[in-house]
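A.B. asks: Read off the chains here:
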Amino acid sequence: MPGLGTSFGRGGATNSLQDLPNADCILIEGSNFAEAHPVGFRFVMQAKERGSKIIHVDPRYTRTSALADLYVPIRSGTDIAFLGGVINWVLQNERYFREYVCAYTNASHILTDKFQDTEDLDGLFSGLDEPPRVSDSLPSVVMYDRRTWKFEREGNSIKSDPTLQHPRCVFQILKRHFSRYTPEMVESICGAPREKFLEVCRALAENSGRERTTAFAYALGWTQHNTGVQYIRTAAILQLLLGNVGRPGGGIMALRGHANIQGATDIATLYDLLPGYLPMPSALRHEQTLAGYLKNHTKRTGWWVNTPKYVVSLLKAFYGDAATKENDFCFDYLPQISGDHSELPTMFAMKDGAVKGYFVIGQNPASSVQNAELARAAMERLEWMVSIDSFETETASFWNREGVDPSTVGTEVFFIPAATVLEKDGVMVNTNRMLQFHDKALEPQGASKSDAWFLYQLGKKLKALYAGSADAKDRPILNMTWDYEHEDDRERERGEPSVNKIMQEINGYYTATGDQVKGFTELADDGSTAAGGWIYSGVCPDKHTNLARSRTGGSGVSLGWGFAWPANRRLMYNRASADPDGNPWSERKKYIWWDATSGRWTGADVPDFPIEKAPNTPADPNAGGIEAHSGADPFMMQIDGRGALFVNEELQDGPIPVHYEPLASVTPNLLYKQQHNPVLRQWKRRDNPYNGAVNPEYPYVLTTYRITEYSGGMTKHIPWLAELQPAAFCEIDPVLAAEKRIRNGDWATISTAVGEIEVRALVTGRIKLLSIGSGERVHQIGVPYNFGRLGFAHGDTSGDLIPLSMDPNCSIHEAKALTCNIRAGRRPRRDAATDPIDLDVPEKERTSEGKAMLHGTYHDFPHENPTCG
Amino acid sequence: MATGFFTDTTICIGCKACEVACKQWNELPSDGFEFSGDSYDNTGSLSGTTWRHVSFVEQLSPEPAGAEDRWLMMSDVCKHCTHAGCMEACPTGAIIRNEFNNVFVQPDICNGCGYCVVSCPFGVVDLIAKVNEPRHADYNDATLNQEREHTSQTALQGSGGVAAKCTLCYDRQKIGMVPACAKACPTESIQFGEIEELRERASKRVEALQERGLPAYLYGAGNEGSVGDLNAFFLLIDKPEAYNLPAEPVLPSTRQPAGYVSAALTAALLTLLGLAVFKGAK
Chain A
60 MPGLGTSFGR GGATNSLQDL PNADCILIEG SNFAEAHPVG FRFVMQAKER GSKIIHVDPR
120 YTRTSALADL YVPIRSGTDI AFLGGVINWV LQNERYFREY VCAYTNASHI LTDKFQDTED
180 LDGLFSGLDE PPRVSDSLPS VVMYDRRTWK FEREGNSIKS DPTLQHPRCV FQILKRHFSR
240 YTPEMVESIC GAPREKFLEV CRALAENSGR ERTTAFAYAL GWTQHNTGVQ YIRTAAILQL
300 LLGNVGRPGG GIMALRGHAN IQGATDIATL YDLLPGYLPM PSALRHEQTL AGYLKNHTKR
360 TGWWVNTPKY VVSLLKAFYG DAATKENDFC FDYLPQISGD HSELPTMFAM KDGAVKGYFV
420 IGQNPASSVQ NAELARAAME RLEWMVSIDS FETETASFWN REGVDPSTVG TEVFFIPAAT
480 VLEKDGVMVN TNRMLQFHDK ALEPQGASKS DAWFLYQLGK KLKALYAGSA DAKDRPILNM
540 TWDYEHEDDR ERERGEPSVN KIMQEINGYY TATGDQVKGF TELADDGSTA AGGWIYSGVC
600 PDKHTNLARS RTGGSGVSLG WGFAWPANRR LMYNRASADP DGNPWSERKK YIWWDATSGR
660 WTGADVPDFP IEKAPNTPAD PNAGGIEAHS GADPFMMQID GRGALFVNEE LQDGPIPVHY
720 EPLASVTPNL LYKQQHNPVL RQWKRRDNPY NGAVNPEYPY VLTTYRITEY SGGMTKHIPW
780 LAELQPAAFC EIDPVLAAEK RIRNGDWATI STAVGEIEVR ALVTGRIKLL SIGSGERVHQ
840 IGVPYNFGRL GFAHGDTSGD LIPLSMDPNC SIHEAKALTC NIRAGRRPRR DAATDPIDLD
900 VPEKERTSEG KAMLHGTYHD FPHENPTCG
Chain B
14 MATGFFTDTT ICIGCKACEV ACKQWNELPS DGFEFSGDSY DNTGSLSGTT WRHVSFVEQL
74 SPEPAGAEDR WLMMSDVCKH CTHAGCMEAC PTGAIIRNEF NNVFVQPDIC NGCGYCVVSC
134 PFGVVDLIAK VNEPRHADYN DATLNQEREH TSQTALQGSG GVAAKCTLCY DRQKIGMVPA
194 CAKACPTESI QFGEIEELRE RASKRVEALQ ERGLPAYLYG AGNEGSVGDL NAFFLLIDKP
254 EAYNLPAEPV LPSTRQPAGY VSAALTAALL TLLGLAVFKG AK
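Chain order of the listed sequences is A and B. Letter by letter, the first sequence follows residues 60 to 928 of the numbering used here. Letter by letter, the second sequence follows residues 14 to 295 of the numbering used here.
Hints are supplied without guarantee of correctness; some may be wrong.
[What the hints assert, rightly or not] Pairs of lysine-lysine, DSS-like flavour, derived with a Cα cap of 25 Å: (1) A/K234 - A/K209; (2) A/K107 - B/K217; (3) B/K252 - A/K107; (4) B/K196 - A/K107; (5) A/K499 - B/K196; (6) A/K560 - A/K577; (7) A/K499 - A/K415; (8) A/K743 - A/K602; (9) A/K499 - A/K384; (10) A/K415 - A/K384; (11) A/K415 - A/K903; (12) A/K520 - A/K415.
To be clear, the hints were calculated from the coordinates, so they are not data collected in a lab.
Could you build all of it, start to finish, from the sequences and the hints given here?
C.D. replies: Have a look at this one:
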């Protein structure tokens with residue numbers, strides 16, 4: 060979530076689902092809320108019952124649209140143009156919340172005269188003329204030199220113009236930048252009827268300001284693009300202009316795709332993160348020592364002045380007594396990344412033979428990833444694979460697929476049956492950033508074990524194998540703290556680790572006494588504390604309390620239910636719910652305010668602000684940390700305490716969002732000469748062919764999604780769910796169906812340069828016939844991704860249509876806006892012996908061994924804001 | 014005391030959690046895996062093994078502005094009629110009205126005659142034949158999948174020849190629990206409770222929606238003719254036929270007087286005719 064992270068400071072949803080009923084208007088875009096989050100959608104329905112206006116902007120008329128007050132169709136991949144149009148409308152018609160914008164955003168900051176906008180360079184920002192050299196073997200990697208995307212400084216202060224008139228102040232730059240996103244242009248690019256677009260503009264403006272608030276909700280419809288981060292940035296800019304961030308019924312709900320995806324990113328399943336959004340050390344930066352690392356990742360001002368405390372405490376949690384001040388707390392034990400080791404690029408390395416072994420836990424890449432056949436072919440080149448899941452997945456049986464003779468596959472596959480969620484203790488972190496403990500309800504069936512059991516036992520076995528070694532390279536394993544023996548005799552005998560002990564370690568403790576820390580403010584950088592994930596600090600404030608278990612509910616904020624990071628705050632940046640003087644913006648939207656009598660911030664939630672810092676406290680730019688912020692700067696994590704309309708150097712592809720067409724599109728970019736994101740990542744190999752920018756062979760827009768009947772690609776093994784959507788299908792409009800002679804329910808074959816899939820056709824008026832540009836008709840085709848070879852409801856997977864290309868910021872793939880062709884009937888049988896996707900690519904096209912995986916991200920610029928997630 | 018369901022279709026999101034929760038609690042097997050092409054409805058109708066069924070009614074044009082666009086969703090269920098056709102027709106007394114005033118089939122008494130099936134004006138009751146092999150066994154990994162198919166068939170396997178329909182989760186109600194479908198509904202589109210209280214709530218809801226300009230009305234609360242009030246009633250915004258509900262459900266027994274009279278007349282006529290013919294033949 061670098062979009063939210065760079066804009067506000069933390070990469071998580073700003074508000075909670077339970078807060079949605081407080082909204083006067085809810086804009087759902089890039090999300091099929093009702094289908095993908097049916098339980099959370101109850102809060103949208105509650106808002107609707109209270110009279111809020113519910114708007115859904117989406118390429119398809121879905122179950123969410125059916126329940127919304129207003130549905131606006133849009134061409135897939137054009138949300139930046141749509142929201143950019145709203146921003147332009149808000150600015151041109153003076154409908155922004157001026158006091159909020161002046162006080163709480165960086166609108167008044169002045170940029171250096173070296174910065175050039177897309178208005179000056181026809182779709183590019185300054186800094187692309189001489190791309191920094193990354194590697195000689197990488198001609199195709201283009202990246203911005205972002206040093207011109209900076210504010211002008213006077214000593215330690217940022218220059219600013221509180222009147223917002225300076226031509227180089229962020230506000231004016233923004234106004235100019237979005238001026239070409241007119242309602243006419245929006246209609247032409249997005250295909251959304253102008254009247255409907257204007258209705259959205261008016262609804263957002265009417266429901267924002269002192270008295271009213273609008274909430275946004277998005278999900279993977281915004282993230283899975285090669286400009287995905289900028290989609291979220293556009294929403295962030297709009298919400299800041301409307302004054303809706305940090306206020307009840309406002310903010311941006313990032314709806315997470317899976318039950319525990321928030322927890323997974325918090326505790327760092329991503330390759331470039333350590334727990335708590337601390338960046339992974341990189342071999343490509345000068346951070347081979349703790350000092351070098353801390354220099355790169357500690358900020359002088361804002362909350363990240365505390366980085367050393369969190370890193371040292373993490374190392375103490377990892378390596379215990381072995382981590383001392385003298386040995387840099389074992390910092391050099393940590394692996395250093397040397398490129399993009401994220402999941403999808405690793406598939407190329409695997410295909411080229413650079414990866415020998417593969418653990419797949421609770422995931423099914425053979426069915427769900429982009430260019431899925433490439434992933435399956437890559438697995439053939441492995442020596443071994445361990446697949447841990449509740450069902451045999453397409454991944455575990457990749458060797459037994461169409462067009463492949465299993466006897467030719469040498470990979471040794473270990474399939475470990477996994478306990479389901481009901482069969483183990485654990486914690487889920489939901490989309491509200493809330494930790495909730497769940498107890499085991501049943502014993503695991505058969506031989507299945509919890510994932511924690513597997514990892515714990517693997518660690519113990521590794522330690523035993525290395526025991527007695529004097530080799531320095533074995534110290535990280537030998538010195539790893541690994542004592543999570545279960546309190547219960549029976550569980551201990553079975554080898555299950557204690558979830559409580561793991562949580563207590565994550566919470567943090569004093570190394571001398573073993574007592575729990577009560578919150579992350581107690582963590583220190585001298586080795587006196589240890590914490591496995593600083594953002595969760597406070598969840599286990601003593602040995603007998605686990606707030607993830609607390610269940611005191613009720614209406615309203617319900618601070619006694621579960622524990623939300625950070626520090627149990629439910630609505631982040633809530634200082635902004637009061638005006639600069641500390642009074643509520645209005646009685647109706649009262650939430651957190653300054654109580655002058657007690658000299659404290661008070662209200663319905665835990666204040667996201669130093670509790671005793673008065674609103675009139677002046678900023679001290681020469682001081683470090685949050686002393687550099689005034690008592691009216693609500694965004695503590697930011698270096699300037701302000702919400703970012705303009706992001707300095709943190710993002711790879713621009714400080715302000717720009718509408719580019721997707722890599723494969725049906726139209727030239729109507730706004731700029733630059734067709735697609737100039738710095739997106741592509742892999743030009745013969746096993747990853749692209750359709751091309753505007754290719755008449757692929758005249759239709761293709762989008763992929765999930766449906767409510769399934770959770771990912773796993774639940775098709777459940778007969779009760781499989782009967783509800785029993786076959787892979789596509790959704791097409793009646794006009795296209797008639798043209799192609801495809802009858803409802805018939806087979807249809809969808810093709811791209813990567814491959815073909817056969818699915819059943821669902822012909823429906825829910826897929827709208829859009830007209831763009833000067834009246835060109837656009838057909839869109841939707842394909843749910845949930846299907847695969849196995850299960851009761853089986854069929855081809857949409858992953859076999861999608862080539863891999865990625866956003867340059869956080870390696871998110873493009874899966875929502877693509878192009879394709881379609882014809883009636885079934886596809887021919889696949890033959891891996893001749894399919895270029897399955898065959899080895901020539902040496903010069905290979906990207907393995909980490910060579911071409913050296914992407915710019917880690918070359919020149921440190922992560923300014925370690926909030927990817 | 015009488016309990017029932019109030020199903021408010023205006024807040025149904027079509028998630029089908031009710032269908033799944035019902036099947037899980039009542040241990041009903043899946044009905045097979047056939048792609049219908051009928052919007053998102055692949056289970057088709059209520060049956061002996063599908064006691065909650067969500068129908069999807071698409072009223073849309075592919076035009077982007079589509080002001081009239083609607084996608085109606087409605088979770089259908091046994092109506093638990095005041096005058097239940099199934100109960101009247103049952104010759105063995107297997108169908109009773111239980112202590113919650115719900116219409117309940119006692120499987121151990123039912124002899125599988127099927128009279129109730131044709132007597133239900135809503136087409137709800139169905140006979141469960143012995144649970145056969147799945148209709149579609151052409152899975153890629155046949156052995157593995159068929160194995161799973163067997164393990165999912167429990168309660169009704171091999172108990173062939175009984176009438177089956179929604180029990181209003183009699184077993185759950187007995188221990189003070191809400192029926193599975195209502196419990197699982199994320200938006201409270203399905204509400205369970207004491208019927209008088211539900212009717213009150215529902216009429217208020219109708220008023221509120223009408224004020225907002227929606228053509229909302231209740232189906233099954235006071236105007237359903239010979240079947241009487243329905244203990245499972247619905248809030249609709251289109252005519253009943255749009256949801257595949259009869260506009261005027263008729264209890265088959267109300268046709269009986271006319272039936273007897275016409276039968277008697279026919280018999281009399283035939284007798285006369287026979288006499289006349291035999292007389293003429295002489």
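A.B. asks: If a hint holds in the structure, say so; if it doesn't, say that too.
C.D. replies: Right, here's what the structure says about each hint:
Simply put, A/K234 and A/K209 have alpha-carbon atoms about 18 Å apart, close enough for the 25 Å limit, and the pair holds. Of the supplied pair hints, the one linking A/K107 and B/K217 holds, its CA atoms being roughly 17 Å apart against a limit of 25 Å. With a C-alpha separation of about 24 Å, the suggested pairing of B/K252 with A/K107 holds against the 25 Å cut-off. Taking the CA atoms of B/K196 and A/K107, the gap is near 21 Å; set against the 25 Å cutoff, the hint holds.
At most 25 Å may separate the alpha-carbon atoms for a hinted pair to count; A/K499 and B/K196 meet this at roughly 21 Å. The straight-line distance between the Cα atoms of A/K560 and A/K577 is roughly 16 Å, inside the 25 Å bound, and the hint therefore holds. Restraint check for A/K499 and A/K415: not satisfied, since their Cα atoms lie roughly 35 Å apart, outside the 25 Å limit. Straight-line distance between C-alpha atoms of A/K743 and A/K602 comes to about 54 Å, which puts the hinted pair past the 25 Å bound.
Using a Cα cut-off of 25 Å, the hinted pair A/K499 and A/K384 is violated, with the two alpha carbons roughly 41 Å apart. About 36 Å separates the Cα atoms of A/K415 and A/K384, which puts this hinted pair outside 25 Å; it is violated. Note on A/K415 and A/K903: the hinted pairing holds, with a Cα-Cα distance of about 21 Å set against a maximum of 25 Å. Distance check on the hinted pair: A/K520 and A/K415 sit about 20 Å apart at the alpha-carbon level, within 25 Å; holds.
Of the numbered hints given earlier, the model fails hints 7, 8, 9 and 10; all others are met.
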